[in-house]
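Undergrad: For reference, the chains in residue letters:
There are 2 protein chains.
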Amino acid sequence: MKQFSYELIHVDKHTGARTGIFHTPHGDIETPIFMPVGTAATVKSLLPSTLKELGTQILLSNTYHLYLRPGSEIVAQAGGLHKFMNWERPILTDSGGFQVFSLGDLRKITDEGVTFASHIDGSKHIFTPESVMKTEHDLGADIIMAFDECSTYGCDKQYARQAMTRTHKWLERCAKVHANGIQMLFPIVQGNMFTDLRIESAKFTREFAECGIAVGGLSVGEPSEVMYKMMDDIRPYLPENMPRYLMGVGTPDYILEGIERGIDMCDCVLPTRIARNGTAMTTHGKVVVRNGCYKQDFTSLDENCDCYCCKNFTKAYLRHLVNCKEILAAELLSIHNVYFLLNLVKGAREAIKRDSFAEYKREFYANYYEKNKK
Amino acid sequence: MKQFSYELIHVDKHTGARTGIFHTPHGDIETPIFMPVGTAATVKSLLPSTLKELGTQILLSNTYHLYLRPGSEIVAQAGGLHKFMNWERPILTDSGGFQVFSLGDLRKITDEGVTFASHIDGSKHIFTPESVMKTEHDLGADIIMAFDECSTYGCDKQYARQAMTRTHKWLERCAKVHANGIQMLFPIVQGNMFTDLRIESAKFTREFAECGIAVGGLSVGEPSEVMYKMMDDIRPYLPENMPRYLMGVGTPDYILEGIERGIDMCDCVLPTRIARNGTAMTTHGKVVVRNGCYKQDFTSLDENCDCYCCKNFTKAYLRHLVNCKEILAAELLSIHNVYFLLNLVKGAREAIKRDSFAEYKREFYANYYEKNKK
Numbered sequence: 001m002k003q004f005s006y007e008l009i010h011v012d013k014h015t016g017a018r019t020g021i022f023h024t025p026h027g028d029i030e031t032p033i034f035m036p037v038g039t040a041a042t043v044k045s046l047l048p049s050t051l052k053e054l055g056t057q058i059l060l061s062n063t064y065h066l067y068l069r070p071g072s073e074i075v076a077q078a079g080g081l082h083k084f085m086n087w088e089r090p091i092l093t094d095s096g097g098f099q100v101f102s103l104g105d106l107r108k109i110t111d112e113g114v115t116f117a118s119h120i121d122g123s124k125h126i127f128t129p130e131s132v133m134k135t136e137h138d139l140g141a142d143i144i145m146a147f148d149e150c151s152t153y154g155c156d157k158q159y160a161r162q163a164m165t166r167t168h169k170w171l172e173r174c175a176k177v178h179a180n181g182i183q184m185l186f187p188i189v190q191g192n193m194f195t196d197l198r199i200e201s202a203k204f205t206r207e208f209a210e211c212g213i214a215v216g217g218l219s220v221g222e223p224s225e226v227m228y229k230m231m232d233d234i235r236p237y238l239p240e241n242m243p244r245y246l247m248g249v250g251t252p253d254y255i256l257e258g259i260e261r262g263i264d265m266c267d268c269v270l271p272t273r274i275a276r277n278g279t280a281m282t283t284h285g286k287v288v289v290r291n292g293c294y295k296q297d298f299t300s301l302d303e304n305c306d307c308y309c310c311k312n313f314t315k316a317y318l319r320h321l322v323n324c325k326e327i328l329a330a331e332l333l334s335i336h337n338v339y340f341l342l343n344l345v346k347g348a349r350e351a352i353k354r355d356s357f358a359e360y361k362r363e364f365y366a367n368y369y370e371k372n373k374k
Numbered sequence: 001m002k003q004f005s006y007e008l009i010h011v012d013k014h015t016g017a018r019t020g021i022f023h024t025p026h027g028d029i030e031t032p033i034f035m036p037v038g039t040a041a042t043v044k045s046l047l048p049s050t051l052k053e054l055g056t057q058i059l060l061s062n063t064y065h066l067y068l069r070p071g072s073e074i075v076a077q078a079g080g081l082h083k084f085m086n087w088e089r090p091i092l093t094d095s096g097g098f099q100v101f102s103l104g105d106l107r108k109i110t111d112e113g114v115t116f117a118s119h120i121d122g123s124k125h126i127f128t129p130e131s132v133m134k135t136e137h138d139l140g141a142d143i144i145m146a147f148d149e150c151s152t153y154g155c156d157k158q159y160a161r162q163a164m165t166r167t168h169k170w171l172e173r174c175a176k177v178h179a180n181g182i183q184m185l186f187p188i189v190q191g192n193m194f195t196d197l198r199i200e201s202a203k204f205t206r207e208f209a210e211c212g213i214a215v216g217g218l219s220v221g222e223p224s225e226v227m228y229k230m231m232d233d234i235r236p237y238l239p240e241n242m243p244r245y246l247m248g249v250g251t252p253d254y255i256l257e258g259i260e261r262g263i264d265m266c267d268c269v270l271p272t273r274i275a276r277n278g279t280a281m282t283t284h285g286k287v288v289v290r291n292g293c294y295k296q297d298f299t300s301l302d303e304n305c306d307c308y309c310c311k312n313f314t315k316a317y318l319r320h321l322v323n324c325k326e327i328l329a330a331e332l333l334s335i336h337n338v339y340f341l342l343n344l345v346k347g348a349r350e351a352i353k354r355d356s357f358a359e360y361k362r363e364f365y366a367n368y369y370e371k372n373k374k
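Residue numbers (the numbering used here), protein chains in the order written: chain A, 1 to 374; chain B, 1 to 374.
It is worth saying that the hints were derived from the structure and are not from the lab.
The structure presented is a predicted model; accordingly, all values stated were derived computationally and were not measured.
Cβ coordinates follow ideal geometry from the N, Cα and C atoms, glycine included.
Watch out, some of these pointers could steer you wrong.
Just the calculated beta-carbon pair ranges, DEER-fashion [said to hold, decoys possible]:
#, chain 1, residue 1, chain 2, residue 2, range
1, B, 350, A, 304, 43 to 53 angstroms
2, B, 284, A, 311, 31 to 41 angstroms
3, A, 283, B, 152, 49 to 59 angstroms
4, B, 88, A, 283, 44 to 54 angstroms
5, A, 118, B, 366, 43 to 53 angstroms
6, A, 119, B, 182, 51 to 61 angstroms
7, A, 182, B, 9, 23 to 33 angstroms
8, A, 283, B, 182, 31 to 41 angstroms
9, B, 9, A, 251, 56 to 66 angstroms
10, A, 295, B, 112, 28 to 38 angstroms
11, A, 79, B, 7, 43 to 53 angstroms
12, A, 350, B, 179, 54 to 64 angstroms
13, B, 120, A, 226, 41 to 51 angstroms
Quick look at which bits of chain A chain B covers, simulated, 3 or more residues with Cβ under 8 angstroms [to be verified]:
#, stretch
14, 82-93
15, 288-301
Using the sequences and the accompanying hints, generate a full structural model.
TA: Okay, structure coming up:
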């Protein structure tokens with residue numbers, strides 16, 4: 001599909017970090033990029049116009065949630081997700097796999113697919129590679145994820161292999177029914193925390209990658225060193241000429257470590273979720289806004305930030321809003337947190353162009369993590 | 001105070017409706033005007049920048065709530081309510097009287113003031129005319145309301161008189177300690193549903209009105225005819241050369257009936273409260289967005305509305321958001337509802353200038369109430 005292409009701009013001289021442009025039918029994405037998550041066709045509490053002002057280039061939406069509510073056929077009737085939620089820039093939908101596996105006792109996995117009970121009303125459903133492709137076609141995102149099995153962290157190698165093999169077979173089935181010519185299918189590398197499986201999966205998976213490949217099943221509870229090692233191990237086996245997406249990441253350190261290892265895209269609910277709990281990420285580390293120490297703190301959340309929240313409001317006001325459970329607290333902190341991560345990756349892109357990504361990361365860590373420890 | 005003045009622009013030839021400009025230290029207010037309510041120093045779910053875009057000229061905030069959280073001294077330290085909540089246009093604070101009387105068993109009224117238990121933590125407090133003036137000075141709104149007793153609808157005449165007399169004495173005490181030269185004190189006419197008391201109260205109260213007078217204790221459960229009669233009865237006794245504020249109103253019909261009787265200002269939580277419950281006011285009447293009939297309705301909420309919500313989203317999407325309890329539902333419906341009422345009074349101002357307010361009201365009713373009945 002010529003509507004999709006990846007243009008490599010520069011690779012950092014001292015690390016694996018790279019910057020480029022991912023061309024899609026709904027516009028260009030500068031990579032590395034962070035994708036805010038709009039689970040139910042809304043990035044919680046943020047207007048699309050606000051998301052644009054923050055510099056959001058692409059967002060992610062969840063197939064599992066949209067399949068259940070409002071139903072993918074409703075979204076299709078609306079003219080697809082872009083029109084339904086009024087977001088004209090690129091969108092990526094996951095496959096719903098991760099969500100249905102997370103249902104625990106409510107789901108059953110077979111080679112055919114996954115039967116599960118809705119977390120909303122207990123109604124029974126089945127996801128198969130074919131049905132998921134259909135659902136993602138209905139939703140109409142630019143990028144659609146293959147249906148995969150993300151095996152639980154801590155499972156034995158035998159199960160990890162079985163899940164990986166199933167993922168590969170499902171990928172073949174996804175690819176077989178996909179090819180609609182307007183959406184890009186991203187295959188997903190699995191293999192749990194076993195290097196040989198990860199490499200085997202990367203080798204298999206890349207054959208299906210036309211313009212984009214994903215790494216799934218990381219950042220699922222394993223120690224960060226294990227995650228970093230997996231990424232180091234598979235990096236040589238991932239194609240260079242397309243975007244590489246690290247799924248479900250995440251925290252500033254995971255984002256930066258991913259970028260250092262050649263990752264181009266990542267996503268996480270973190271910025272909006274912790275915002276709703278009254279927590280902000282700042283250049284000095286996390287700030288729990290609810291804390292009493294901010295009662296009379298009439299300074300901004302982050303003096304290095306020029307988002308709408310930091311330019312116009314004080315910690316004392318934000319604390320008051322959190323304290324009163326005001327919706328505006330979620331909105332203002334979501335604005336700040338999303339901007340913070342978008343700014344983090346923007347800074348990374350600029351640093352890569354200057355061949356100074358390592359320095360950029362070091363400096364960020366010194367401010368975000370070290371100062372916080374004191 | 002020369003910072004405050006009321007400029008009468010035009011009186012409708014066929015009704016008592018009038019339009020003018022209320023000049024205040026934080027800017028001009030075109031009257032008649034609707035004031036959105038920002039109870040805890042936030043109009044629930046709306047960014048100040050959004051409120052400005054909607055055309056909000058003045059907003060109201062609640063002394064009772066701010067006194068309890070974050071405490072008026074915190075707001076004073078922040079530089080007043082305007083700075084605290086980042087709203088540079090005019091603000092009006094109520095006296096907290098209505099809220100403490102609403103506490104029922106949790107409060108006790110004496111001539112000195114009202115002792116009450118906080119609805120948040122049960123802690124004991126006392127509001128007196130003097131303490132309320134101090135609190136409203138701390139908050140620093142442009143317009144501050146006198147501390148009054150709003151007697152319950154249905155009380156006997158003896159009690160209504162007692163409450164009115166107390167309100168008058170409290171007004172004298174408010175006036176005595178107020179005069180800070182930068183905030184305008186609005187006295188409040190009470191008298192429950194007794195015409196003679198209302199007239200007596202208007203006569204007493206207007207002596208304290210420098211540039212603004214309020215009518216309290218209406219729209220508290222009485223039949224609308226009773227409310228309209230009270231307004232008709234007291235109208236001749238209200239000063240002409242200053243804004244007249246009908247407190248706690250409200251619904252589109254109450255707003256229009258008030259305007260027809262010479263009212264210049266009104267306020268209500270209605271637009272944002274019903275928004276959070278998934279209900280919208282449209283030119284065709286109320287729309288309960290949650291209703292299943294909108295599941296596949298890909299038209300806007302109100303084709304006659306050009307707010308951000310109506311321009312960009314469908315009923316099907318809004319229903320989906322309400323259904324999923326998404327914060328964005330409250331935001332989008334609040335945007336629409338606040339805009340709707342601001343637009344209603346804007347249309348009224350224009351109609352008054354054309355001497356066609358009665359026609360304007362008739363047409364609105366025909367669309368809003370009659371069509372809805374079918």
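Undergrad: Please go over all the hints and tell whether each is borne out by the structure.
TA: Tested hints:
Roughly 47 angstroms separates the CB atoms of residue 350 of chain B and residue 304 of chain A, a value that falls within the hinted 43 to 53 angstroms. Between residue 284 of chain B and residue 311 of chain A the C-beta distance comes to about 40 angstroms, which sits within the given range of 31 to 41 angstroms. Taking the beta carbon of each, residue 283 of chain A and residue 152 of chain B are about 54 angstroms apart, inside 49 to 59 angstroms as hinted. Separated by about 28 angstroms at the C-beta atoms, residue 88 of chain B and residue 283 of chain A break the suggested range of 44 to 54 angstroms.
Here the CB-CB span from residue 118 of chain A to residue 366 of chain B is close to 45 angstroms, well matched to the stated 43 to 53 angstroms. One distance hint, 51 to 61 angstroms for the beta-carbon pair residue 119 of chain A and residue 182 of chain B, holds here, with the actual separation near 56 angstroms. Distance hint for residue 182 of chain A and residue 9 of chain B: a CB-CB separation of about 57 angstroms, inconsistent with the stated range 23 to 33 angstroms. Between residue 283 of chain A and residue 182 of chain B the beta carbon distance is about 38 angstroms. The supplied range of 31 to 41 angstroms therefore holds.
A hinted range of 56 to 66 angstroms for the beta carbons of residue 9 of chain B and residue 251 of chain A is consistent with their spacing of about 58 angstroms. Hint check: residue 295 of chain A to residue 112 of chain B, Cβ distance near 31 angstroms, so the stated range 28 to 38 angstroms holds. Distance hint check: the CB atoms of residue 79 of chain A and residue 7 of chain B are about 50 angstroms apart, consistent with the given range 43 to 53 angstroms. Between residue 350 of chain A and residue 179 of chain B the CB atoms are about 57 angstroms apart, so this pair conforms to the stated range of 54 to 64 angstroms.
Separated by about 46 angstroms at the C-beta atoms, residue 120 of chain B and residue 226 of chain A satisfy the suggested range of 41 to 51 angstroms. With a cut-off of 8 angstroms between beta carbons, the stretch 82-93 of chain A has 3 residues touching chain B; three or more are needed, and the interface restraint holds. Taking a C-beta to C-beta cut-off of 8 angstroms, the stretch 288-301 of chain A contributes 3 residues in contact with chain B, enough for the three needed, and the coverage statement holds.
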